[in-house]
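There are 2 protein chains.
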Amino acid sequence: MTIAEQTVATEVAREDIPELMHRLGADAKAAAETLSTSPTEAKNAALRAAAGRLRANRTALMDANAQDMAAGEQKGLTKAMLDRLALNEDRIEAMARGLEDIAALSDPVGEIMAEWDRPNGLRIARVRVPLGVIGVIYESRPNVTADAGALCLKSGNATILRGGSESFHSSRAIHACLVEGLRDAGLPEAAIQLVPTRDRAAVGKMLTMTDLIDVIVPRGGKSLIERITAESKIPLFKHLEGICHTYVDRVADPEMARKVVLNAKMRRTGICGATETLLIHPEVVASHLPPIVEDLTAAGCEVRGDERARAADSRILSASEEDWGTEYLDAIISVAVVEGVDAAVDHIHRYGSQHTEAIITEDTEAAERFLNRVGSAIVMVNASTQFADGGEFGMGAEIGISTGKLHARGPVGVEQLTTFKYQVRGAGQCRP
Amino acid sequence: MTIAEQTVATEVAREDIPELMHRLGADAKAAAETLSTSPTEAKNAALRAAAGRLRANRTALMDANAQDMAAGEQKGLTKAMLDRLALNEDRIEAMARGLEDIAALSDPVGEIMAEWDRPNGLRIARVRVPLGVIGVIYESRPNVTADAGALCLKSGNATILRGGSESFHSSRAIHACLVEGLRDAGLPEAAIQLVPTRDRAAVGKMLTMTDLIDVIVPRGGKSLIERITAESKIPLFKHLEGICHTYVDRVADPEMARKVVLNAKMRRTGICGATETLLIHPEVVASHLPPIVEDLTAAGCEVRGDERARAADSRILSASEEDWGTEYLDAIISVAVVEGVDAAVDHIHRYGSQHTEAIITEDTEAAERFLNRVGSAIVMVNASTQFADGGEFGMGAEIGISTGKLHARGPVGVEQLTTFKYQVRGAGQCRP
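Residue numbers (the numbering used here), protein chains in the order written: chain A, 1 to 432; chain B, 1 to 432.
Please keep in mind that the hints were generated in silico from the structure rather than gathered at the bench.
Be a bit skeptical, because a hint or two may be false.
Intra- or inter-copy, both count: the list cannot distinguish identical chains.
Computed cross-link-like contacts, SDA-like style, restricted to lysine to any residue with a CA-CA straight-line distance of at most 25 Å [what the hints assert, rightly or not]:
| no. | residue 1 | residue 2 |
| --- | --- | --- |
| 1 | Lys29 | Glu327 |
| 2 | Lys233 | Thr210 |
| 3 | Lys259 | Arg123 |
| 4 | Lys233 | Met256 |
| 5 | Lys233 | Gly204 |
| 6 | Lys29 | Glu241 |
| 7 | Lys29 | Asp346 |
| 8 | Lys29 | Arg373 |
| 9 | Lys233 | Gly325 |
| 10 | Lys259 | Asp117 |
| 11 | Lys222 | Ser165 |
| 12 | Lys29 | Leu240 |
| 13 | Lys233 | Leu406 |
| 14 | Lys29 | Glu322 |
| 15 | Lys29 | Ala343 |
| 16 | Lys205 | Glu226 |
| 17 | Lys222 | Lys233 |
| 18 | Lys259 | Asp389 |
| 19 | Lys259 | Ala125 |
| 20 | Lys222 | Ile271 |
| 21 | Lys75 | Glu139 |
Hey, can you work out the whole structure from these sequences and the hints?
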């Protein structure tokens, strides 16, 4: 048994986990009831106070993080993983500002979404209310503790956070600041709870607590999402894959196509809105593709294509069937020649992940056909797929991007963390 | 082997069911893609044509129904079940008119829910789109075949209908009329499919087809819903129970309380919006409760209550703990004395099913507190809980009432059978 394993084993005994998780859930549910009618100002005060606590405790946060970093190095985490895990003054300041930004968002709770009168005099209002209790299961980035807790709080939900085991001490230290913020604002401390054990049994139990948790938001790689999907009895707001496409149409402006494709692929290759496949009309392959390939290869991108694409540019490697359904999250792009808008849409529906797709065209009719036919959460004309982001959409912070169709779709900000109820006001009406 | 069982066995061989259901699903998905951009007029034309076919084929429908009725009698169905199963000229006419009513509803698809510009010039629109493929699993009422198929079609969704085995022939005959309507209007016939076998294995397969079906709507009794909930890998819009409460507050008008409670309980006892528990403030138990009990008992309702309720009226029988969590769907009501609005809300949150609750009060502050604190889908002031209905809300027909919190909540009409996507229009923007 390594030291790390011993620590896990001594945190909470395995047999005590179901009861512990049930208690967390029950406390969250009670807190959610209070939060559902808590004034906006109290929620904002808690967020601002927590931001202050993060700043005041930055040395302690970095000490906690140093423990995680040392354990991570010992465990042989990759450099990229260690970078995601690391906290420094700048990142702590960014987290604190993130909380203040969420405090500055308008409160979705209580918003009257629609209101109408019935002929019998009943007045019906559809009013936004919190979802209740949201479970968030994430991997190594410790800042998710602050972001997710804050977004749920702002939308009036209680949260149960389950961070990655690598960031255990960092998340605990951040969570302590959030709890102090809640206490300062007179809100229940159980409004934001952190699962106090790294034992995976806690996640297993969490995913069965249908009476106590309303939604689970899993944040992480595909394997985490797939595991949680298979196991969860609770609905998920999840993001499985971003196999995004950019289609360069017959009447695309060549300069725009060149600039947008380069940005869509290479601005950041590791985000879900990065284009993974370029589709292109046969009539512009010869003219438009080589300059695009020029830019991509100059930027260090590997280009793989079908026969017709390769015929137009010898730098293109051969793509296999598997490429069309692959989310590279890397400096690789696949290129397929398609016979027009409809063929582009068919390719997208066959291989895509319903995330974000774009068409580059000067033809309004083609643009509208693409916008209407593509079934993805986000469909763009003449813009980079990298705009698929809650901040870029003007929604403020997001807890993630949902590739599901139900309830939350696309960027999930505070509004999508709510549901609604009907308030009906009468004067003694009876139904005939 | 009875004749009925032989019929089942010879319809489709058990081993062919997975492939059959997969084909239904794939056909539905293809049809859904067409429907998502089908013009409103085509959908309405299909509905009106189907209504005409129902009327023209009423003799054939009644013949098919006679087969089901005979089998049902042989099988020993109760009188109530046989009544739900029966078709006659009036019921066929009502079904046809139902289709025409749905044709007359406005089309939710394509509605721009919100639209805004970003500082970088991107224009973002949130547009209503169909969900895709909806599976509907129901019990004996054959009219659900027409209603559910029509609501899904109007909202641009393809449907896979799985009717109760008792109404097998009736549903097939109704379905044939819907398909003729689709054909007349030039829409894909697979837009509304009926599972062509009574074998329960078809349902089992259906509930695993996550790639082909977007939502399952189970309609039926609690045991059906529980079975489907346990088994389904696909999200459900479901209605589990309606344990509805009416709370008579300290400053309730006694005449209004009397009239509304009687209606809320006794107008129809078998619907989900019927009040099952009466809560009452201690200060008005002596004055308000006896006249209410008077009316209820005169209407044939059994009244069960706690000690304090029974002290006020000797006609009240003793309620057990179990009564508070029971959906009677019958002429029985339970009565509990609670200390005020907050105690009423606590009782509702402890025993209720998040369906519909009402307060009877002249005190605006108490009313607002009740409206805000109660977490149910529908919260009413001074009105009968029996108004919990899509038609009464002005939404037109409903496929059911959802007691879940996600996506669909309360009455589920055409609008709630849709989702949305973002359409983003740019001029070559790249993300910095």
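Here is what the structure says about each hint:
no.: 1; hint: Lys29 / Glu327; in the structure: between (38 Å within a copy, 24 Å between copies)
no.: 2; hint: Lys233 / Thr210; in the structure: both (7 Å within a copy, 15 Å between copies)
no.: 3; hint: Lys259 / Arg123; in the structure: between (53 Å within a copy, 19 Å between copies)
no.: 4; hint: Lys233 / Met256; in the structure: neither (46 Å within a copy, 43 Å between copies)
no.: 5; hint: Lys233 / Gly204; in the structure: both (10 Å within a copy, 17 Å between copies)
no.: 6; hint: Lys29 / Glu241; in the structure: between (31 Å within a copy, 21 Å between copies)
no.: 7; hint: Lys29 / Asp346; in the structure: between (45 Å within a copy, 13 Å between copies)
no.: 8; hint: Lys29 / Arg373; in the structure: between (41 Å within a copy, 14 Å between copies)
no.: 9; hint: Lys233 / Gly325; in the structure: between (28 Å within a copy, 23 Å between copies)
no.: 10; hint: Lys259 / Asp117; in the structure: between (52 Å within a copy, 22 Å between copies)
no.: 11; hint: Lys222 / Ser165; in the structure: within (17 Å within a copy, 41 Å between copies)
no.: 12; hint: Lys29 / Leu240; in the structure: between (28 Å within a copy, 20 Å between copies)
no.: 13; hint: Lys233 / Leu406; in the structure: both (16 Å within a copy, 14 Å between copies)
no.: 14; hint: Lys29 / Glu322; in the structure: between (45 Å within a copy, 23 Å between copies)
no.: 15; hint: Lys29 / Ala343; in the structure: between (49 Å within a copy, 17 Å between copies)
no.: 16; hint: Lys205 / Glu226; in the structure: both (17 Å within a copy, 21 Å between copies)
no.: 17; hint: Lys222 / Lys233; in the structure: both (19 Å within a copy, 18 Å between copies)
no.: 18; hint: Lys259 / Asp389; in the structure: within (20 Å within a copy, 53 Å between copies)
no.: 19; hint: Lys259 / Ala125; in the structure: between (47 Å within a copy, 24 Å between copies)
no.: 20; hint: Lys222 / Ile271; in the structure: within (13 Å within a copy, 44 Å between copies)
no.: 21; hint: Lys75 / Glu139; in the structure: within (15 Å within a copy, 56 Å between copies)
Hint violations for this structure: number 4 only, all remaining hints satisfied.
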